[in-house]
Amino acid sequence: MPLELAICSRAADLLQHGSREFHGYEIAKQLTDLPNRRLLTAYGTLYRALGRLEVMGLLRSRWEDPEIPARESRPGRRLYTLTVQGEAAVAAARREAASSMSTRGRRRYAPA
Amino acid sequence: MRQPDARATAFAAAAVRLWTRLYTSGLPVAVRTARRAEIESDLWEFVHDPDGDDGWHRSVHILLRLMRGVADDLRWRLTLDRMTATAVRVGAALTAALLVFIAWWVLDLMRTRVLPLPPDPPSVGVSPTPLDGRIDLAVHEDPSR
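First to last, the sequence lines map onto chains X and U.
Number 112 marks the last residue of the first sequence (the working numbering); no jumps.
Number 145 marks the last residue of the second sequence (the working numbering); no jumps.
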């Protein structure tokens, strides 16, 4: 599930930059950094993936305090947070990617 | 934003709202409301994003996001329907089991039972009756008749 992993990975990046919570549009924007992805992720694809991640326990969500959107005259945001399991899943995926990259590199440059 | 571009964006957003309304109809209120609110928030953020597309690109982008996600919207809906159907089946099975148990319990209560005889009264040391414990059930004729 590459999209789910990409969402968790971007959420982990946001967390590193001090943003603990993010909303759907924010993560969709983050995902446009991916190669071959100029358009924002489709509504159906994005929110289905976010829902699945929540069911899997990698994300959790809450609706923001209704006073904030009322004050800013905008619709309320559903805010997602990467859980501890989500962080662990990202770390594991990154470790795996790094090890497969190094294996590939060793194979390419290994003496015949 | 120019007037025609604003109209095109409003049209695209209305199409997204209409589609969301369509594929969430008939779902439990909490699920339906949450999905609609989330899409509404996304639309607002997109339209008010200073780094986002402008002009007619904006409305095309909204429509493309809508169309590319239709299959996932339908899959999401089908999954929810299946979950609801399973919940209904489990609920029906549990209710049926409960009704069978209650019926069995009521029938068991209504069944005629042979009650055990009461224990003999305690002896208090009274001398035996003249009939020696037997009841005279013989029919005696009235001599006055």
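Don't read these hints as lab results, they were simulated from the structure.
There may be inaccurate statements among the hints.
Far from chain U, by Cβ distances over 10 Å, these chain X residues were calculated [what the hints assert, rightly or not]:
id: 1; residue: ASP13
id: 2; residue: HIS23
id: 3; residue: ASP65
id: 4; residue: GLN85
Computed Cβ-Cβ distance ranges for the label pairs, DEER-style [unchecked claim]:
id: 5; chain 1: X; residue 1: SER73; chain 2: U; residue 2: ASP5; range: 20 to 30 Å
id: 6; chain 1: U; residue 1: LEU98; chain 2: X; residue 2: ALA93; range: 14 to 24 Å
id: 7; chain 1: X; residue 1: THR32; chain 2: U; residue 2: VAL31; range: 44 to 54 Å
id: 8; chain 1: X; residue 1: GLY57; chain 2: U; residue 2: LEU22; range: 24 to 34 Å
id: 9; chain 1: U; residue 1: PHE101; chain 2: X; residue 2: ASP13; range: 39 to 49 Å
id: 10; chain 1: X; residue 1: SER100; chain 2: U; residue 2: PHE101; range: 25 to 35 Å
By construction, the Cβ of each residue, glycine as well, lies at the ideal position given by its N, Cα and C atoms.
Check each numbered hint against the structure and report the violated ones by number, ascending.
2, 6, 7, 9, 10
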